[in-house]
Amino acid sequence: MTTAALITTPNIDNPDDFYAELIAMHAGRSPEESEAINARLILLLCNHIGDRQALREAFEAAANEAPRGEG
Amino acid sequence: MQKIFETPLYPYRRSADQDCATPARHPVVVVGAGPVGLAAAIDLAMHEVPVVVLDENDKVSFGSRAICFAKRPLEILDRLGCGEPIVETGVQWRIGKVFFRDKQVYAFDLLPEAGHKRPAFINLQQYHLEFYLIERLKLLQSKGLPIEIRGVSCVRAIEARPDGVDVEIATPEGDYKLTADWLIACDGAASPIRAMMGLDFVGRVFEDNFLIADVVMDADFPTERWFWFDPPFNPGQSALLHKQPDGVWRIDLQLGWNIDREREKAPERVIPRLKAMLGEDVKFELEWISIYTFQCRRMQKFRHGRVLFAGDSAHQVSPFGARGANSGFQDTDNLIWKLKLVHRGLAPDSLLDSYDDERVYAADENILNSTRSTDFITPKSPASRQFRNAALDLAGRFAFARPLVNSGRLSQPSTYDGSPLNGADDCRLPRRTRPGAPALDAPTPEGWLLDRLGGRFQLMAIDVEIPSRLEIDGVVVEGLSLSARDDAAAALRQRYLSSAPGAVYLMRPDQHVAARWLRFDEASVRAALLKAIGKT
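Chains D and W, in that order, give the protein sequences.
For the first sequence, position 14 matches number 14 in our numbering, and the numbering has no gaps at all.
So the number in our numbering is just where the residue sits in the second sequence, counting from 1, plus 1000.
Calculated from the structure, these hints are not laboratory results.
Be aware that a few hints might be false.
To be verified - Using 20 angstroms as the maximum straight-line C-alpha spacing, the simulated SDA-like pairs for lysine to any residue come out as follows:
| id | chain 1 | residue 1 | chain 2 | residue 2 |
| --- | --- | --- | --- | --- |
| 1 | W | 1177 | W | 1024 |
| 2 | W | 1380 | D | 32 |
| 3 | W | 1265 | W | 1248 |
| 4 | W | 1380 | D | 39 |
| 5 | W | 1301 | W | 1344 |
| 6 | W | 1275 | W | 1344 |
| 7 | W | 1103 | D | 40 |
| 8 | W | 1097 | W | 1222 |
| 9 | W | 1003 | W | 1247 |
| 10 | W | 1265 | W | 1216 |
| 11 | W | 1380 | D | 51 |
| 12 | W | 1097 | W | 1398 |
| 13 | W | 1265 | W | 1301 |
| 14 | W | 1380 | D | 19 |
| 15 | W | 1380 | D | 63 |
| 16 | W | 1097 | W | 1107 |
| 17 | W | 1103 | W | 1240 |
| 18 | W | 1535 | W | 1344 |
| 19 | W | 1380 | W | 1230 |
| 20 | W | 1380 | D | 23 |
| 21 | W | 1380 | W | 1236 |
Quick caveat, the model's predicted, so the values are computed rather than measured.
Please put together the full structure from these sequences, using the hints given.
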């Protein structure tokens, strides 16, 4: 079995600060502007990651909805 | 003045075959005198295989049509003896520029290294190219080579049998029949031969229309390929500009799907569009207008017994990337030497199946590239459009996004990885000249390497001793000894040796690498040659 290339355990310092910055980036933007920002952001981050295996795992994780409900 | 495409260059003449009691038999009949059919016929004649070309008309193509000819097809045209006038007449280019809305986002160079005889691309109207091919054909004919072109000779019916193909031909003086050992169908995307044989041609239709306008004007745009995404003069769509000889410019404007095609072709609709692009004051004349849609598709197989399909009759791509006519030349380049060996009885009939293996592989590569370009140029979903615009937005500022921008991946020859004809390899040698790859040009003291290769099997040795000639099962392999020891041979060393002290390459008649080694060993060469002609 191959080990996962995508980090899915907590990896960001000060998660609440990060999350606030992410949301702040969209403050006052129209839905269309936000969509364009997100698309640029995804391309920038994908290039930063570079590892095709990690990217494929991320695509899969993002595209497959989690089971609904808690627990 | 009469234009080239209005002049009958091979008018109808009565053939002796029309007065035969029983149908005359010919080794090869080529149907269609477009660039691919003419190249096939010239190649056959140069191999001294008798060939008759049948064409429904007697002139070169009307309108400029295919205009971008890539380096590899130019090398093939060199081998066919007509590269020189074609390259002389064409305009050479290698730089492409990409614009998004009103800004340039980046430029690319298609041939960023020296040491090649031919440029990355030339632009040349298809009628000029066909004119030079016909001149070449006539020259070969005047030298007594077995080549003939019959104008206004339309194939009405064929019957493909296991031992030959019966062909029924309509002429201004009535019908006649002949029989061909082999028939090569180069009769275009709408191939009547394919239809007569009831063969499939399925693929993907793209719901889009493009306006081609060839205009004559004095303009000072550089000789580069300019591509616009969503320009102010054609909002929400794309545009492409190419320079051709004779002051002709190719303008290609995307129009979208739901349009009235006849109305959009009218000069009163076209001229304002062009003025919006070129400026109100630029004076131009319309030379040719066409609206096209396209499909990306191929036949399941290019070989059907004794009928072989080449060029657009076998595969069709979008124009973005110039992979149509360019791949057609590579089809015949691949086919003709095989056909010659089979015709002479030097190779088994099954060698022709490798035409299918290699050129279907190439067609799939072309279709994949062309489909991806089209999907980038015309996004098929809102998400696809967002990512496309994001890549274009970022490409101006950040180098990483430039390779994502796809305005057409311009024609590159295929490397036939996995071909049944490929022999031994040595991974210490450079990857770009591995078995299946087309030979790369390099300067040598006796001239360009590619001018010294092709038309026959050759054993190319670099700083390794080899015999000057081998004969294997009736097939001659000519020796070509080169040295990479001095500085002038840097390109040869880099492209064929890497850090190896020497190497031996078995080259096919189409200038593709069949096998390669660090040392010469006759038994290995023999095995590779037999593999390359389908004998193992």
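Hint check:
Between residue 1177 of chain W and residue 1024 of chain W the CA atoms are separated by roughly 8 angstroms; this keeps the pair inside 20 angstroms, and the hint holds. A C-alpha spacing of about 18 angstroms is found between residue 1380 of chain W and residue 32 of chain D, which places the hinted pair at or below 20 angstroms, so the restraint holds. Distance check on the hinted pair: residue 1265 of chain W and residue 1248 of chain W sit about 19 angstroms apart at the alpha-carbon level, within 20 angstroms; holds. For the hint pairing residue 1380 of chain W with residue 39 of chain D, the CA-to-CA distance comes to about 16 angstroms; that is within 20 angstroms, so the pair holds.
In summary, the hint linking residue 1301 of chain W to residue 1344 of chain W is not supported, as the alpha carbons are separated by about 24 angstroms, beyond the 20 angstroms threshold. Under the criterion of a C-alpha separation no larger than 20 angstroms, the hint pairing residue 1275 of chain W with residue 1344 of chain W is inconsistent with the structure, at around 59 angstroms. Between residue 1103 of chain W and residue 40 of chain D the alpha-carbon distance is near 18 angstroms, which keeps this suggested pair within the 20 angstroms criterion. In summary, the hint linking residue 1097 of chain W to residue 1222 of chain W is supported, as the alpha carbons are separated by about 11 angstroms, within the 20 angstroms threshold.
Distance check on the hinted pair: residue 1003 of chain W and residue 1247 of chain W sit about 15 angstroms apart at the alpha-carbon level, within 20 angstroms; holds. With a CA separation close to 17 angstroms, the supplied pair residue 1265 of chain W and residue 1216 of chain W stays within the 20 angstroms bound. As the CA atoms of residue 1380 of chain W and residue 51 of chain D are separated by approximately 27 angstroms, the hinted pair breaks the 20 angstroms bound. Restraint check for residue 1097 of chain W and residue 1398 of chain W: satisfied, since their Cα atoms lie roughly 16 angstroms apart, inside the 20 angstroms limit.
A distance of roughly 36 angstroms separates the Cα atoms of residue 1265 of chain W and residue 1301 of chain W; the hinted pair therefore is violated under the 20 angstroms criterion. A hinted pair counts as satisfied when its Cα atoms are at most 20 angstroms apart, and residue 1380 of chain W with residue 19 of chain D does not qualify at roughly 32 angstroms. Simply put, residue 1380 of chain W and residue 63 of chain D have alpha-carbon atoms about 19 angstroms apart, close enough for the 20 angstroms limit, and the pair holds. Annotation: proposed proximity of residue 1097 of chain W to residue 1107 of chain W holds, straight-line Cα distance about 4 angstroms (limit 20 angstroms).
Between the alpha carbons of residue 1103 of chain W and residue 1240 of chain W the distance comes to roughly 15 angstroms, so the proposed pair stays at or under 20 angstroms and holds. Distance restraint check for residue 1535 of chain W and residue 1344 of chain W: the Cα-Cα separation of roughly 14 angstroms lies within the 20 angstroms cut-off, and the hinted pair is therefore satisfied. The hinted pair formed by residue 1380 of chain W and residue 1230 of chain W meets the criterion: a straight-line CA distance of about 15 angstroms does not exceed 20 angstroms. The suggested pairing of residue 1380 of chain W with residue 23 of chain D is violated, with an alpha-carbon distance near 29 angstroms, which exceeds 20 angstroms.
A hinted pair counts as satisfied when its Cα atoms are at most 20 angstroms apart, and residue 1380 of chain W with residue 1236 of chain W qualifies at roughly 13 angstroms.
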